[in-house]
Amino acid sequence: MKKSSNKLFEPALVKEAFKQSFIKLDPRIMFRNPVMFTVEIGTAVMLAVCIWILLGDKTQGSFVYNLIVFFVLFITLLFANFAEAIAEARGKAQADSLRKTREETPAKKIVNNKIEIVNSSLLKKGDLFFCETGDMIPMDGEIIEGLATIDESAITGESAPVIRESGGDKSSVTGGTKVLSDKITVRVTTEPGESFLDKMIALVEGASRQKTPNEIALTILLAGFTLVFVIVCVTLKPFADYANTPITIAAFISLFVCLIPTTIGGLLSAIGIAGMDRALRANVITKSGKAVETAGDLDVLLLDKTGTITIGNRKATNFWQANNVDENIFIEACVLSSLADETPEGKSIIELGEKLDVKGEMKQNISRLSSHISQYIQFTAETRSSGINMDDLRIRKGAFDSIKNLVIKAGNIFPDETTERVKLISSNGGTPLVVSQNENVLGVIELQDIIKPNIHERFERLRKMGVKTVMVTGDNPLTAKFIAEKAGVDDFIAEAKPEDKMNYIKKEQQGGKLVAMMGDGTNDAPALAQADVGVAMNSGTQAAKEAGNMVDLDNDPTKLIEIVEIGKQLLMTRGTLTTFSIANDVAKYFAIVPALFIASIPGLQSLNVMKLHTPESAILSAVIFNAIIIPLLIPLALRGVAYKPIGASALLRRNLLIYGLGGVIVPFIGIKLIDLLVSLWF
Amino acid sequence: MNTEILGIVLMFVVTVILAIPLGRYIGKLYNGDKTKLDFIFNPIDNLFFKLSGIKADKEMNWKQHLVALLSINMVWFLFSMLILMNMSWLPLNPDGNPSMSADTAFNTSISFISNTNLQHYSGESGVSYLGQLVLMLFQFISAAAGMAVCAVVFNAMKERTTEKLGNFYNYFVKSFTRVLLPLSIVVAIILLFNGTPMTFKGKDQFISVQGDTVNVSRGPAAAMIAIKQLGTNGGGFFGANSAHPLENPNYFTNAVEDVSIILIPIAMIFALGYMLKRKKLAWIIFGVMTVGFLLLLIPTVYFEMKGSSNIAAMHIAQPLGSMEGKEVRFGPAASAYWAITTTVTSNGSVNSMHDSLTPLGGMSAMLGMMVNSFYGGVGVGFLNFYIFIIIAVFISGLMVGRTPEFLGKKIEAKEMKIATIIALLHPFLILSFTALSSHLFAHDPKTYAAWLNNPGYHGFGEMLYEYTSSSANNGSGFEGLGDGVPFWNITCGIVMLIGRFLPIIGPVAIAGILAKKKYVPESAGTLKTDTTTFGIMVFAVIAIIAALSFFPALALGPISEFFSK
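Protein sequence lines, in the order shown, are assigned to chains W and V.
Going letter by letter, the first sequence gives residues 1 to 682 in our numbering.
Going letter by letter, the second sequence gives residues 1001 to 1565 in our numbering.
I should point out that these hints are in silico values taken from the structure, not numbers from a laboratory.
Keep in mind that this is a model prediction, so the values were computed, not measured.
Don't take each hint at face value.
DSSO-like cross-link-like pairs, simulated, lysine-lysine; straight-line CA separation at most 30 angstroms [unchecked claim]:
no.: 1; chain 1: V; residue 1: Lys1516; chain 2: W; residue 2: Lys211
no.: 2; chain 1: V; residue 1: Lys1034; chain 2: V; residue 2: Lys1417
no.: 3; chain 1: V; residue 1: Lys1280; chain 2: W; residue 2: Lys125
no.: 4; chain 1: V; residue 1: Lys1277; chain 2: W; residue 2: Lys211
no.: 5; chain 1: V; residue 1: Lys1518; chain 2: W; residue 2: Lys464
no.: 6; chain 1: W; residue 1: Lys237; chain 2: V; residue 2: Lys1201
no.: 7; chain 1: W; residue 1: Lys507; chain 2: V; residue 2: Lys1034
no.: 8; chain 1: V; residue 1: Lys1280; chain 2: W; residue 2: Lys211
Cβ-to-Cβ under 8 angstroms is the rule here; a few derived chain V residues that face chain W [said to hold, decoys possible]:
no.: 9; residue: Pro1021
no.: 10; residue: Gly1239
no.: 11; residue: Arg1402
no.: 12; residue: His1439
no.: 13; residue: Tyr1519
By construction, the Cβ of each residue, glycine as well, lies at the ideal position given by its N, Cα and C atoms.
Generate coordinates for the entire structure from the input sequences, incorporating the hints supplied.
Structure below.
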């Protein structure tokens, strides 16, 4: 998936898009796009004019000239259709490559407690099937029994296998992935042809593609601009009559087509499709185009601490022995107490111990001592400590207050320096684990969250976009505050319960904010539904996936940041190309208006600032420029205008300079160059 | 510096210096804040409210505001028709002037309630003093109505979510009694002391040096001239408007009258800044408008002071500049300054004949009306500007990758639909009616020859100017056009009517819909509208909409005239 080609114009796609460009000439399809529809009408009129000339008319200029105008307009239509078609083709190709992963495979369907081999396409929603080591999972579903390691690389491109099990928040399996070990029983959750991927393909293909609110508003504005120029061109006829200046139909239609915003009109739907396509390339399935657009407007992001802001879990970073305790003995005790500790924290203590043990002496000691261990004490919520018994030694490690109780009950003194250290660690966002031996304090282990490298810059980038980041964590407020500050998030929800997320989202929404969150569990589902953009992890439960409006195939919590940028890019591309398209009109006016009137009002030659060769060459150059600018901008429409988080005003200034001023200047140059070429014949 | 130039610079500076405190005062009125003059005005206003049974503190939503505006306008229209068609036998008619024909009365009534004051009659012979007084009343009413709807939009732009946008009658009466009336009294008194008549006596008579008996029209002129200037009305007491020696006796009255033209339109912008507590936004809007104003003013002053190129071609020196159609007591610079102030603000009073402006000077005057929002008419000028802001916000919002929002309210399809229609309306009215008249003239020149004294590019410019002036509710004219006939009376009447009320309804509707929407507080990603960058964006939108839609028409009119010597 990730390795899929990023080339804009794959030969196979171009061929398909070329075919589609002609199919889309159907007026019933064209009608959806008012700007290009008027161009189609103009083209038809030009065809009629050409036929009229062949039948003997002498007032409309030469046949060749009219035919060329017709031809250029026809090409303009094809270019616009091609832009849309290539965007569709790319989206479809992307979706197809995802769909390929779920080719028909034999499925072990469970019927009356017996396994029957059926084709995967015959599985219906609610059916149960069974998978074991080496099996391909035939359909999307939810594990109802068992646990398995699964290779999801076909979907996510990640080679590390993942664990999926029933009951928890990681109970979803995706068709096309492979079971690496163990056995699971799965319930099918979607009807064939109705999976999220199928829905997305339908969106891209246009059958169920609906215009997003911004797209509708922009279409209205563009229709307005088109209408202005209908008025301008229609009223020009009596004006010209008054001035005794005959204007040919070709000139009228050329003026009209040049003035209406064909550039953005032709590229508008391509931009929308390309936005969804970019989301898909980021391995995010969107359920509607609107969701992508909304993503660009987000004000608040709710991010889970673990996995998004910090790498996995807490890790031991320091051993702080109490006064009068030998460092090596303390570290040995820490490692010994963690030998049976399966938690990531416990493992990290052993790792840190081994790292500090440069000479390898401790390792020998440990392996010698470990044989003396008589009992492993598991962690319980009641004691809030764990440890080992060994000969006559009782080593315990646990939370500060639980060990303190232990020590004081035994009549021993809890050392002041350790109390100080515990406070210091807590206030630095770490978690202290106190270690005691026979109810005497040996020291304290510092566990720290490891904040992802570069995450601070990413949040800074978001802040510049105007997006507020909120960290959601189960940690206590003190720790949460420290990590929030260190990572650079704007707010945090500590000791978070699922309903806290929901309340936070509602509160922000009441203030008029748009909120996004990412979640995987069933208890996240209400909040995912409440959020304006809810991104469910593909590994999450079916309920979570149904509730959100996007599904992230990579299960990557930082994906939200990318989604915001994709949304912004989508809007920006529309805005900048609209500006460019309208700014172009200035130059086109200076090309065509003098050309219309020069014959009868020689004084207007002074308006011909580009010094175009003849009226015919001026008009042809303008329409040719108008046509070829569309394919030239297709790459920009598909890739999107680069988003730079430099603040809204600076961004506006930048885009206004590039696409506004550029849009005024470029056509002057372009039309002049084309005229130099055209003037060889006209 | 050339004293002529110095004169107009001073006029502008004085206007701005006066407009800032006036704007603050107007803002206080509409906010309902206390002012030092309350002790005089509160009893007066309360008397009006008591007499008419209006509860001034009952808030209205945007639809109720529009209903109030349109229904009282309807009443005024009927009342005006009645008086104008019967004034020959009604009192206050010492000169025995006739009643108006139905089409002229229709045109005149619409003209005055729409704040246009296009005059297809001449004040001296076309109306009685009663008629003049009624028309003067409408000059107050239409200006106060424009200010009141503007107050509604200002109120709607505040940072909150509400449907209640104040009381229309409250805004209306306050604009009338506390702004227009006191300022008019001051201006009228200044005019009075400089020789403008204020009497109900009929024509005066004197015997000239040659021994001829000369009849001089007079009447209650000073009062009407004051409000015609202050309320961006422009309907003069005398046919020659402020070029008439009794209407505008000297350079000083000219300065006072010209300051009065743009005083309230500029003050309204500062009122906005005060009401919304967004002074910077007000200055940006003022800046955009002023840049536009100067871009029209400077070439006009230049060309008028340079003189006519056709006369220069005959080797005749023009030391005073282009003086055709201008008064010697004002000179070309003050006349050019007046021509631009009166056209950008939809005032339409004149102190020189616009028909005689140099081609590009005349084009600048037309462009001022085509844009119609560089200051613009009292109240309504901002409403036109508001439409351009909405369009600029939309495009620039997209350009920075965010659903467009203006002052914390999201701009969506419905608002864009209204804004697009209103932005389209002005070019549509001007171009389609000019096309209609061009078509008639081109296809039946015999029947319609009387319309145009100068066929050719200038004649086309005259027709274009007439409809532009009507649609912009300006009221000035390229007077070479024979416009006192039913065709022009009726078509201009229709254009004025649509050109007045739709551009009020549209912005009020948008502002009302936006006010109801959820308020989104500003964040770092919000596009700020009180920045120079955004100002440039608005300017570009205005320039492109005006330039793009009118360029071909202007090319056939004044531009052709300019290049064809």
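Against the structure, the hints come out as follows:
Using a Cα cut-off of 30 angstroms, the hinted pair lysine 1516 of chain V and lysine 211 of chain W holds, with the two alpha carbons roughly 25 angstroms apart. Restraint check: the Cα-Cα separation between lysine 1034 of chain V and lysine 1417 of chain V comes to about 39 angstroms, which exceeds 30 angstroms; the hinted pair is violated. Between lysine 1280 of chain V and lysine 125 of chain W the alpha-carbon distance is near 61 angstroms, which puts this suggested pair outside the 30 angstroms criterion. Note on lysine 1277 of chain V and lysine 211 of chain W: the hinted pairing is violated, with a Cα-Cα distance of about 38 angstroms set against a maximum of 30 angstroms.
About 24 angstroms separates the Cα atoms of lysine 1518 of chain V and lysine 464 of chain W, which keeps this hinted pair within 30 angstroms; it holds. Simply put, lysine 237 of chain W and lysine 1201 of chain V have alpha-carbon atoms about 53 angstroms apart, too far for the 30 angstroms limit, and the pair is violated. Among the hinted pairs, lysine 507 of chain W with lysine 1034 of chain V is inconsistent with the structure: their alpha-carbon atoms are about 37 angstroms apart, more than 30 angstroms. With a CA separation close to 37 angstroms, the supplied pair lysine 1280 of chain V and lysine 211 of chain W exceeds the 30 angstroms bound.
A cut of 8 angstroms between beta carbons decides the hint on proline 1021 of chain V: the least distance to chain W is about 31 angstroms, and the hint is violated. Here the hint on glycine 1239 of chain V is broken, as its CB sits about 29 angstroms from the closest CB of chain W, past 8 angstroms. Hint status for arginine 1402 of chain V relative to chain W: holds, with the closest Cβ pair at about 6 angstroms, below 8 angstroms. A cut of 8 angstroms between beta carbons decides the hint on histidine 1439 of chain V: the least distance to chain W is about 4 angstroms, and the hint holds.
Against a cut-off of 8 angstroms between C-beta atoms, the interface hint on tyrosine 1519 of chain V holds, since the closest Cβ of chain W lies about 6 angstroms away.
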